[in-house]
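Modelling step: build the complete structure from the supplied sequences, incorporating the hints.
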Amino acid sequence: MMRGVWLPLLALAALAIAPLAGFSASYEMTLMARAMILAMAAVSLSFLVGGAGLVSLGHAASVGVGAYAVAILDANGFTDAAQVLPVAIGAAAIFALLTGAIAIRTSGVHFIMITLAFGQMAFFTASSLSAYGGDDGYTLYSRTEVAGARLLENRLAFHYICLGLLAASWAVASMLLASRFGRVLRAARENAQRAEAVGFTPYPYRLVGYGIAGAMAGVAGVLLVNATEFVSPAMLSWQRSGELLFMVILGGVGRLWGAILGALVFVGLETWLAELTPHWKMIFGPLLVVSVIALRGGLAGLVAPRHG
Amino acid sequence: MAESLLALRDLRKHYGGLAVTDGVTLDVLPGEIHAIIGPNGAGKTTLIHEITGVVAPDSGQVVFAGRDVTRLSLPRRARAGLARSFQITSVVAGFSALENVALAAQARAGSSFRFFRPAASERALNEAAMAALSEVGLADRAAVPAGALSHGEKRALEIAIALATQPRLLLLDEPLAGAGPEETERLIALLTRLKAAYTILLVEHDMQAVFALANRISVLVYGRVIATGTVAEIRANAEVRAAYLGEDDA
Numbered sequence: 001m002m003r004g005v006w007l008p009l010l011a012l013a014a015l016a017i018a019p020l021a022g023f024s025a026s027y028e029m030t031l032m033a034r035a036m037i038l039a040m041a042a043v044s045l046s047f048l049v050g051g052a053g054l055v056s057l058g059h060a061a062s063v064g065v066g067a068y069a070v071a072i073l074d075a076n077g078f079t080d081a082a083q084v085l086p087v088a089i090g091a092a093a094i095f096a097l098l099t100g101a102i103a104i105r106t107s108g109v110h111f112i113m114i115t116l117a118f119g120q121m122a123f124f125t126a127s128s129l130s131a132y133g134g135d136d137g138y139t140l141y142s143r144t145e146v147a148g149a150r151l152l153e154n155r156l157a158f159h160y161i162c163l164g165l166l167a168a169s170w171a172v173a174s175m176l177l178a179s180r181f182g183r184v185l186r187a188a189r190e191n192a193q194r195a196e197a198v199g200f201t202p203y204p205y206r207l208v209g210y211g212i213a214g215a216m217a218g219v220a221g222v223l224l225v226n227a228t229e230f231v232s233p234a235m236l237s238w239q240r241s242g243e244l245l246f247m248v249i250l251g252g253v254g255r256l257w258g259a260i261l262g263a264l265v266f267v268g269l270e271t272w273l274a275e276l277t278p279h280w281k282m283i284f285g286p287l288l289v290v291s292v293i294a295l296r297g298g299l300a301g302l303v304a305p306r307h308g
Numbered sequence: 309m310a311e312s313l314l315a316l317r318d319l320r321k322h323y324g325g326l327a328v329t330d331g332v333t334l335d336v337l338p339g340e341i342h343a344i345i346g347p348n349g350a351g352k353t354t355l356i357h358e359i360t361g362v363v364a365p366d367s368g369q370v371v372f373a374g375r376d377v378t379r380l381s382l383p384r385r386a387r388a389g390l391a392r393s394f395q396i397t398s399v400v401a402g403f404s405a406l407e408n409v410a411l412a413a414q415a416r417a418g419s420s421f422r423f424f425r426p427a428a429s430e431r432a433l434n435e436a437a438m439a440a441l442s443e444v445g446l447a448d449r450a451a452v453p454a455g456a457l458s459h460g461e462k463r464a465l466e467i468a469i470a471l472a473t474q475p476r477l478l479l480l481d482e483p484l485a486g487a488g489p490e491e492t493e494r495l496i497a498l499l500t501r502l503k504a505a506y507t508i509l510l511v512e513h514d515m516q517a518v519f520a521l522a523n524r525i526s527v528l529v530y531g532r533v534i535a536t537g538t539v540a541e542i543r544a545n546a547e548v549r550a551a552y553l554g555e556d557d558a
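Residue numbers (this note's numbering), protein chains in the order written: chain A, 1 to 308; chain B, 309 to 558.
Because the hints were derived from the structure by calculation, they are not lab data.
Errors might be hidden in some of the hints.
Stated by the list, open to error - Among chain A residues calculated to face chain B with C-beta under 10 Å, some are:
#1 76
#2 179
#3 182
#4 191
#5 195
#6 197
#7 199
#8 202
#9 204
#10 205
#11 208
#12 254
#13 295
#14 296
As the list claims (entries may be wrong) - Output of the computed footprint for chain B on chain A, the stretches with three or more beta carbons under 8 Å from beta carbons of chain B:
#15 119-125
#16 166-178
Built from N, CA and C at the ideal position, the CB exists for glycine as well.
Here it is as structure tokens:
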């Protein structure tokens with residue numbers, strides 16, 4: 001399990017040092033924050049895909065629910081983290097549990113399509129929230145405050161909060177997968193019949209896992225809306241879910257930390273190519289296809305190949 | 309007659325016009341190895357599915373340990389003490405042999421909605437798993453990924469998994485299928501050892517093994533039990549010979 005783990009640790013260390021080592025320009029800090037937040041969302045999705053075998057194509061909706069919770073509270077004058085975080089996490093978890101309760105009854109392609117459908121429902125619901133900007137989105141009055149302090153306005157503090165929460169989400173997801181609960185999830189992913197034959201009904205385990213991943217995505221949503229001080233329905237769209245899924249696959253499905261690498265590389269490539277040419281998607285798309293074909297087991301597979 | 313551990317009462321299952329299970333009544337007594345034999349297409353697999361809860365019968369009852377389990381799911385029957393192995397080996401290939409068995413022990417050791425402690429560090433689970441692995445002779449293969457075990461070892465692992473659930477009844481679905489002569493010998497020795505401690509319902513093609521192991525045998529042909537009896541009775545039964553043994557070249 002631990003092989004190759006130095007690579008994501010190195011990446012996190014680099015992110016910790018970067019602002020102190022001269023990468024502290026506004027656009028660099030923005031870019032790194034975005035990458036870390038998406039990495040957090042990708043880790044929570046990797047927990048689902050690689051851990052529980054639930055390939056969701058609606059994960060951005062949970063991120064978006066967390067973000068919209070911040071926006072709606074902001075519009076009503078609630079901006080303290082003590083209020084915002086529990087509400088956002090709770091909303092994202094409840095959204096995941098309600099949609100998951102139905103989606104998890106299916107499997108394979110049906111599961112993918114149902115999560116996609118729920119994601120699109122969330123997207124159109126957000127578009128219809130005219131009080132919060134509808135299609136145009138909503139601009140925050142102020143970033144979330146921590147115990148009355150405008151801590152998140154400080155770029156450096158925000159950077160380390162993102163980094164800390166990314167590391168924490170990786171640690172939590174790892175802990176969960178190693179626990180009794182995670183063992184049942186992993187067994188049911190690989191061989192549901194076997195898990196059932198020893199007495200486990202996979203459904204409740206999968207549902208709880210789906211709720212937890214939703215809650216973690218909600219935290220990413222809180223950070224994302226704070227990073228841009230703006231939220232729009234686009235954040236919930238299925239393209240966003242697809243990108244998250246792609247980060248997970250690029251990084252390597254079998255390892256949680258693969259998602260961190262996948263997200264960092266994805267955001268890095270996207271930014272670099274966009275600077276080179278306005279037609280960057282013409283290059284980005286085929287590059288993604290090639291990377292999936294060439295990198296069996298993803299980036300994680302490069303440093304820690306699977307046995308056999 | 310002693311109270312039966314597993315009782316099938318007039319089970320019926322139709323697929324279209326085909327009666328796959330056609331009024332099966334059968335008793336497995338505590339402590340016995342009861343074998344079910346029958347030619348291909350006799351409906352053995354469907355019968356096992358009905359016993360384990362994968363397929364619901366159209367009518368009839370499955371009574372396990374005095375309790376009607378006809379409508380219970382596979383996991384709930386497992387929790388009631390009905391452990392099974394599969395005709396086609398079914399293990400978690402990515403888990404070590406130990407973790408495969410520890411998963412089964414975990415099903416018997418309190419709630420699995422525990423989120424903090426690493427399951428691999430739970431001594432009680434590991435010890436129970438090691439005990440079961442030792443019982444089937446796989447103790448020295450505990451750390452090997454199940455997918456990398458030989459076919460015979462996987463079959464033994466499946467039995468260890470079943471044992472770790474502390475079953476009241478072991479349902480072994482062709483445990484010798486696909487095993488080589490040496491592996492077969494080892495598995496028969498293992499089953500002979502288990503015979504002392506467990507009630508076993510054995511579905512098996514290997515006649516020699518069945519005759520060596522079983523206390524009683526039921527013969528299933530076209531969804532019906534045409535005979536139930538001791539090894540000697542079944543060997544002597546003319547109807548069985550005509551319907552089954554005579555056709556068996558093996």
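Now for the hints, and whether the structure bears them out:
1. 76: Since the shortest Cβ distance to chain B is 33 Å, the answer is violated.
2. 179: Since chain B brings a Cβ to about 5 Å from residue 179 of chain A, closer than 10 Å, the hint holds.
3. 182: holds, 7 Å
4. 191: Nearest chain B Cβ about 5 Å off; hint holds.
5. 195: Interface hint status for residue 195 of chain A: holds (7 Å vs cutoff 10 Å).
6. 197: Holds - the Cβ of residue 197 of chain A comes within 10 Å of chain B, reaching about 6 Å at its closest.
7. 199: Holds, because the Cβ-Cβ distance from residue 199 of chain A to chain B comes to roughly 4 Å (cut-off 10 Å).
8. 202: holds, 8 Å
9. 204: Holds, because the Cβ-Cβ distance from residue 204 of chain A to chain B comes to roughly 8 Å (cut-off 10 Å).
10. 205: holds, 7 Å
11. 208: Where the cut-off is 10 Å and the nearest Cβ of chain B is about 7 Å from residue 208 of chain A, the hint holds.
12. 254: OK, holds: residue 254 of chain A within 10 Å of chain B, min 9 Å.
13. 295: Not OK, violated: residue 295 of chain A not within 10 Å of chain B, min 20 Å.
14. 296: violated, 16 Å
15. 119-125: violated (count 0)
16. 166-178: With 3 residues closer than 8 Å to chain B, the stretch 166-178 of chain A meets the three-residue bar; holds.
When each numbered hint is compared with the structure, violations occur for hints 1, 13, 14 and 15.
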